[in-house]
Amino acid sequence: MTARVGVVTFPGSLDDGDAARAVRVAGAEPVRLWHGDPALHGVDAVVLPGGFSYGDYLRCGAIARFAPVMETVVDAARGGLPVLGICNGFQILCEAHLLPGALTRNQHLHFRNRDQVLRIETVGTAWTNTFQPGQEVLIPVKNGEGCYVADAATLDQLEAEGRVVARYLGGNPNGSQRDIAAITNEAGNVVGIMPHPEHAVEELTGPSLDGLGFFTSVLKHLVGAPA
Amino acid sequence: MPRVVVDVMLKPEILDPQGQAVANALPRLGVSDVASVRIGRRIEIEFTGEPDLDRAREIADKLLANPVIEDFTVRLVEADETAGARS
Chain S
1 MTARVGVVTF
11 PGSLDDGDAA
21 RAVRVAGAEP
31 VRLWHGDPAL
41 HGVDAVVLPG
51 GFSYGDYLRC
61 GAIARFAPVM
71 ETVVDAARGG
81 LPVLGICNGF
91 QILCEAHLLP
101 GALTRNQHLH
111 FRNRDQVLRI
121 ETVGTAWTNT
131 FQPGQEVLIP
141 VKNGEGCYVA
151 DAATLDQLEA
161 EGRVVARYLG
171 GNPNGSQRDI
181 AAITNEAGNV
191 VGIMPHPEHA
201 VEELTGPSLD
211 GLGFFTSVLK
221 HLVGAPA
Chain D
228 MPRVVVDVML
238 KPEILDPQGQ
248 AVANALPRLG
258 VSDVASVRIG
268 RRIEIEFTGE
278 PDLDRAREIA
288 DKLLANPVIE
298 DFTVRLVEAD
308 ETAGARS
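Here the protein sequences line up with chains S and D, keeping their order.
If you read the first sequence in the working numbering, its first letter stands for residue 1, the second for the next number, and so on.
If you read the second sequence in the working numbering, its first letter stands for residue 228, the second for the next number, and so on.
If we strip away everything but chain S, and leave its shape as in the complex, we get (with noise of 0.2 Å):
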């Protein structure tokens, strides 16, 4: 059978088409789901995408973080369900408390716009199984409010359970604590992840098919799962 990712639309989330095109080309079938329904529609996953949610307002992710199908992902995702935060997505994730710290502007105030080299940190989540340990991944990164903090504690508490999932190599893109890329909750089910994925699944359009890495191991992780 064939697994079922879904994707949310936002207002204002602009990846959401690129999100579903790469589970499709990873072998699944992308569903959309929209924010203001909150039925999953029986997804075994689910992907918030990058882009600009309610226009950023307030702080990025926390108007989206009240829209009616976060409750449901909220509550899915405590009980297991695989959830991957993109950018935006993962802004969104930390404002719900699925995952600590927070996203804040850019330390040089720029919005940064590139291709950059990640190491894989952490292979033991659902959404990077495939990868090796340290292996070294070119994905693209582009955001305005990407700086990861959290309080000295968090961070060591994250390094400690091997949370942290990826970290920038060559550069930290935005002032980042700790060159932090990509994190994980205590489970491993729910990753947040600045740099987008999903726009490095094809050569025709991405630096690298790296990408596709995140997405195959949703999978891979839904076939061992227990029904």
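Possibly wrong hints are sitting among the right ones.
[As the list claims (entries may be wrong)] 30 Å max Cα-Cα, derived DSSO-like pairs, lysine-lysine: (1) D:K289 x S:K142; (2) S:K220 x S:K142; (3) S:K142 x D:K238; (4) D:K289 x D:K238.
Hint data in this document are derived by calculation from the structure and do not stem from the laboratory.
Please arrange chain D on chain S, whose structure you already have, making use of the hints.
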């Protein structure tokens, strides 16, 4: 009708690059005696009935501020002190 004003500021330990950018621009105005600038957000809330500080605090904690990076204060002000009255 009095309004509730919520002031949201980044916690002191959180870097404020916007404030730094403003502070760095001040010498170009000939201002040389400013040590630092920090930028926050002021939100005015008007209730349909009596202003409710506890309710405002709840709104601030849940939505207006992100307690991970921001602190907030809540206070009552008379309507003629609010931005809306001056415009």
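Comparing the hints with the structure gives:
Our distance criterion of 30 Å between C-alpha atoms is met by D:K289 and S:K142, whose separation comes to about 28 Å. Among the hinted pairs, S:K220 with S:K142 is consistent with the structure: their alpha-carbon atoms are about 28 Å apart, no more than 30 Å. Under the criterion of a C-alpha separation no larger than 30 Å, the hint pairing S:K142 with D:K238 is consistent with the structure, at around 26 Å. For the suggested pair D:K289 and D:K238, the alpha carbons sit about 17 Å apart, so the restraint of at most 30 Å is met.
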